[in-house]
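K.L.:
In case you want the letters, here they are:
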Amino acid sequence: MPTVSVKWQKKVFDGIEIDVSLPAYVFKAQLYDLTGVPPERQKIMVKGGLLKDDADWSAIGVKDGQKLMMMGTADEIVKAPEKAIIFAEDLPEEAQATNLGYSAGLVNLGNTCYMNSTLQCLKSVPELKSALSNYSLAARSNDVDQTSHMLTVATRELFGELDRSVNAVSPTQFWMVLRKKYPQFSQLQNGIHMQQDAEECWSQLLYTLSQSLKAPTTSEDPDAVKALFGVNLRSRLHCQESGEESSETESVYSLKCHISHEVNHLHEGLKHGLKGELEKTSPTLGRTALYLKESLIDSLPRYLTVQFVRFFWKRETNQKAKILRKVDYPLELDIFDLCSEDLRKKLEAPRQKLRDEEGKKLGLQTSAKSGSKDSDVKMTDAEASSNGGGESSTVNQQEGASSEKGTHMTGIYDLVAVLTHKGRSADSGHYVSWVKQESGKWIQYDDENPSMQREEDITKLSGGGDWHMAYIIMYKARFVSM
Amino acid sequence: MAPVPDPNSVAGGAKRDEATLKVPSKDPKKKDDKKEDDLSEEDLQLKQNLELYVERVQDPNPELQKAALESMRQEIRDATSSMTSVPKPLKFLRPHYGTLKEFHIKMADSDLKKMLADILSVLALTMSAEGERESLKYRLTGTEGDIGSWGHEYVRNLAGEIAEEYTMRQGEESSIEDLMELVRQIVSFHMKHNAETEAVDLLMDVEDLDLLLEHVDSTNFRRTCNYLTSAAKYLPGPDDMLVLDIAYMIYMKFAEYPNALQIALFLDNMQYVKQVFTSCSDLLKKKQFCYMIARHGITFELDQEMVANNDDKDALQDIVNNTKLGDGYLTLARDIEVMEAKTPEDIYKAHLIDGRASSGPSVDSARQNLSATFVNAFVNAGFGQDKLMTVPSDSTGSAGNWIFKNKDHGKISATASLGMIHLWDVDTGLSQLDKYLQVSDNSIVAGAVLGIGIVNCGIKNDCDPALALLGDYIDKEDSSVRIGAIMGLGIAHAGSQNDEIRNRLSPILNDAKAPLDVIAFAALSLGMIYVGSCNEEVAQSIIFALMDRSEAELDEALTRFLPLGLGLLYLGKQESVEATAEVSKTFNEKIRKYCDMTLLSCAYAGTGNVLKVQDLLAQCGEHLEKDDIHQGPAVIGLAMVAMSEELGLDMGIRSLERVLQYGEQNVRRAVPLALGLLCISNPKVTVMDTLSRLSHDTDSEVATAAIISLGLIGAGTNNARIAGMLRNLSSYYYKDASLLFCVRIAQGFVHMGKGLLTLSPFHSERLLLSPTALAGIVTLLHACLDMRSIILGKFHYVLYFIILAMQPRMMLTVDENLKPISVPVRVGQAVDVVGQAGRPKTITGFQTHSTPVLLAAGERAELATEKYIPLSPILEGFIILKENPDYREE
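Going down the list, the protein sequences come from chains B and S.
Just so you know, we're using full-length UniProt numbering here: the first sequence kicks off at 1 and counts up by one.
Just so you know, we're using full-length UniProt numbering here: the second sequence kicks off at 1 and counts up by one.
Simulated from the structure, these hints should not be mistaken for laboratory data.
Please note that the accuracy of each hint is not assured.
As the list claims (entries may be wrong) - Pair ranges (Cβ atoms, derived):
1) B:Leu362 - S:Ser822: 39 to 49 Å
2) B:Ala59 - S:Met270: 30 to 40 Å
3) B:Asn264 - S:Glu340: 48 to 58 Å
4) B:Ser165 - S:Arg658: 38 to 48 Å
5) S:Ala720 - B:Gly15: 52 to 62 Å
6) S:Glu345 - B:Asp457: 41 to 51 Å
7) B:Asp163 - S:Arg721: 20 to 30 Å
8) B:Gly15 - S:Phe254: 46 to 56 Å
What the hints assert, rightly or not - Listing some non-contacts, in silico: residues in chain B with all C-beta distances to chain S over 12 Å:
9) Val20
10) Tyr32
11) Ser165
12) Gln319
13) Lys361
14) Thr407
15) His430
What the hints assert, rightly or not - Short, incomplete list of chain S residues facing chain B, as computed with Cβ under 8 Å:
16) Ile147
17) Ser149
18) Glu153
19) Ser431
Ideal placement from N, C-alpha and C gives every residue a C-beta, glycine not left out.
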């Protein structure tokens, strides 16, 4: 009986006797004892061939001391995953678009970059999109006029189309409806449509949407747009002459950042914007008198829009001039010190919680860090004055905290979209939007071309040169769950 | 300026002559007038003496004649010792050359006439008219005395005249006996005086190199052989073979077996290889030979004659079979500390890319996953571990299913990548692949059988697992399984000339029912297995298969593998291809020219044959009306022929630049691939820049080829510059899935084996060309000629053919028991020392490391210790070290 050695994986089994009178299966059974590999899975290689179960040893001519090699494992056989894997290449076009991580650009229809960039910024608000998708086509409530309805539908359609396609979308329908609703956008100059102010487009569009989406039939949310963008301001009016004081509340869709010589930073501009003077008929004096108005934020929106008041009417040249001054803005904005006392109280607890969480992340002792920094901030300005910007409305808003139970506003906002203007006057130049995607990547939408950008480049859009400079910026509230 | 005698001057006369000569040269006019006056007293004396001798020579008195001749000879010999200027006596004798010549004719035959002939021979050195060869003429009639007594310059001149005379006489078919005697003298003189190169030159001119054997000795044979081997590259066939033959014999004569073996391998002469084994008695040395053969990648069976002892034979055969290659490679990896598996993400380094980084797709992209599969396979090749394929499936659940993250045919490549990861480790590889053979999915089975082939690449085993396991799959129903098995066999058995496989594969070629893709891969695999064998039967099968193809099939991209398979049979075999090339002229015109170009380029691959380069260039230069596919292989062929040595290589690169500017689009598309081949694993900056420019070409096919080639030139180098370029390209092409795929593959190439591998088919100081390695590269390049249908289509697994060229670029020293030992070595840029005087340094700009070390392209290593003696002078791959018995610790 010849003895052979069998090599299996890294192991060598020496001196295995072969009973040449028995079929090879018996030998396989021997190996099964040694290796634990069932005979049917064993592949034994003898000089360029496999050993068959019924092979005759004499035919193979095995020699004493010959080396055989065995392949085979007792491992489980690999199975395909239960759920078939879906590949991007198999998906329809719209799914591929979502896979790309950002949506398509908008074709410029001739000086429509103001509109394109506005739309791209607004489209980045998912809540607005969902509110629009709930808006029904047919059921137009009576208090919404025909054109507003059409504009809302057109917006909805356009947003949908943008999400579905990979290539640039042409917003022709939307543009027509927009001009119908707001004929001022149809201004012609030398036979072509003029460049318009993106801020106007933005506020008009939002106003229309707020009107049509407010209709009771649309959704359970009475005023979706206001809930998203509205900022309630509580203003104190103080007349120095008469000493009389009054207070009023108003709701605006955006805060203004006034740019004067002292303003270098968004925060200063905002503070500046919340103070103002106005002339008003004083009931006690019986004539118009100068009033100081000082506003504080009473409720916070989910999306805080800030407009840099870069354009002003220059009387000498009879045109809208632009302030090129550099005004820095942060990626993370804390507006705690612009809030009213009531609101601050409400924000205290969530902010503490947020700090704790952050501290934990950094591995710091949370208890040691109290909110001393924030309590230092004092609201010394007591005078109230009125702010003239925005559509005022005295509708009482629900709390700044979101409707979702358990999550609370913190007064801290993250930058999500920047609409920039490049050029020297409002009627010329070029508008571009820079939008942060859900993935955290920044995309620059230059009409039909979306391109990736780095986050650090976003803060460089603060002006002070001829580069793109921020005109409208939008922040998203940071929530904390309690 | 009066000449002042230099008191220190030994050869005073000569020195002063120079001084005096300079004066008149300042003013030519003066020279004529005052020539006589300018001479110093001594010179004048000499001149007068010489004139006297000339007169006396013509004297009828033989005594006087003899004395005069002897004096004249004495004067000349004294002066010819220095050759910084024309020796004085020769100069003064110039006017009398004619007189003496005439007198010589008149003279009766005598010793004196011979003496005069000697002198005339020397005088002819400066005075004979061009092409007259008077020096030789008088030498032949002279005294035949010691040739060296007249100085080196005389001998050199004589050698030149002999060469001329020889060609003339060859033309007239007259005797050369008298010349050969002289040649013998000259050779012996040169060999004694460190002028081996001149001796070799002369012998090459008179076509009698055998003479060298008599004259080499232990001091000069190395330099002689060095010169012979490097000269061989520039000689037309069959002279180059003769020259190498002589080099081989010289090495054998001095028992310099490693070098002899090297040349035997170059000549592809198994008889010589065998002779090396039989002549050498040292077992350890034989082991070293086996390492060299293993590196060359040929199949070689040892027999009783070469090694008497059976156990020894087994041990040696093991080395030839490359069974220890994997272990050596892992030793290197452990030493360099790169064992940690790398993920494709580690290679892409997306965080370094500006803004454009892909936004972490939520859905798996089959394309991107496939590229990740390849990158993972290339980067972790041979390490036996990675982070996609070999992680246990139960640990996280998802990782083990990487195969299923590839779509359809992608699964073939994914499963086969296991073979790549376990490259050279047959035992583990087979057990890993085993379970996939049982799966019901045909793509996975196809990948598993291909993987089995890959894991056995370059490794031979008595049990021959590749054939045993794959044999059953060749005739399966599913074509992808068949292709997997066929390709696997081709890779595992490349160069083995295994008849059993031929008998299995040949019938497929002529099977009318077999699909085209199966036939194409069968032809290719046969070409690989019989690479450079000129096997008639295989050639016939492929030719018939080609003839049987229908018009429509000839348009298929894969059809190109048939002519390529045919070409591989004749790889590097030059004229042997001619019969087949004739037959190819009868093919359908669609494939005829493609076949022609492929055969031509394969047959002359690595020969540096300038005529063939010109032929191919002419093909590239044609501006064809319709798109013809044959120009692609012509461009690649250009690189294949020119790649053999540095000069031809540079010339090739320059010619390709021209082709790029003036060529048609389909020529331009192949140029990057040709550049990639010329500089494979050798990232030359100029080529890198050219390819970087082309990678942004408006023609996307030029761009894809350039991107792949960027990967090829940086293959296995981790070259940071190329890596940076590719990263930028990945962001530039982030929207184009095909180009991005190519960028990924190129990134995989650059980081191949984490930078421990090379794709260069050349080894042993760029002398030897491994045929299987070249076959692998050429196949890949031909596939790249139609990237869209092959690599970007569903035959991406042809990328695995590159495995044939993958070799560790290491130098690993082992002791007498073949255990790795660490010794200090100097690694530096290799210097070409051929034909240089003295003992020049062979490396420059070196650094000292301890083995194992990596060797980059153009680098050479030398031991930095006297403690050991390497058994091979070529320090590459595995080197056995013997302790130096004379070494003393300091």
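K.L.:
Take the hints in turn and mark each one as holding or not.
P.N.:
Hint-by-hint comparison with the structure:
1. B:Leu362 - S:Ser822: 39 to 49 Å: holds (46 Å)
2. B:Ala59 - S:Met270: 30 to 40 Å: Because 33 Å falls inside the window, the suggested range holds.
3. B:Asn264 - S:Glu340: 48 to 58 Å: holds (50 Å)
4. B:Ser165 - S:Arg658: 38 to 48 Å: holds (46 Å)
5. S:Ala720 - B:Gly15: 52 to 62 Å: holds (54 Å)
6. S:Glu345 - B:Asp457: 41 to 51 Å: The hint (41 to 51 Å, Cβ to Cβ) is violated, given that Glu345 (chain S) and Asp457 (chain B) are roughly 24 Å apart.
7. B:Asp163 - S:Arg721: 20 to 30 Å: violated (41 Å)
8. B:Gly15 - S:Phe254: 46 to 56 Å: holds (48 Å)
9. Val20: holds (19 Å)
10. Tyr32: Tyr32 (chain B) clear of chain S: closest Cβ-Cβ about 15 Å, beyond 12 Å.
11. Ser165: At about 14 Å from chain S, Ser165 (chain B) clears the 12 Å cut-off, so the statement holds.
12. Gln319: holds (36 Å)
13. Lys361: Check passes; 21 Å lies beyond 12 Å.
14. Thr407: holds (24 Å)
15. His430: With a cut-off of 12 Å, His430 (chain B) remains clear of chain S, as the shortest Cβ separation is near 20 Å.
16. Ile147: Where the cut-off is 8 Å and the nearest Cβ of chain B is about 64 Å from Ile147 (chain S), the hint is violated.
17. Ser149: Status violated, d = 69 Å.
18. Glu153: This hint is violated: Glu153 (chain S) lies away from chain B, its Cβ roughly 67 Å from the closest one there, beyond 8 Å.
19. Ser431: holds (5 Å)
Checked against the numbered hints given earlier, this structure breaks hints 6, 7, 16, 17 and 18; the rest are met.
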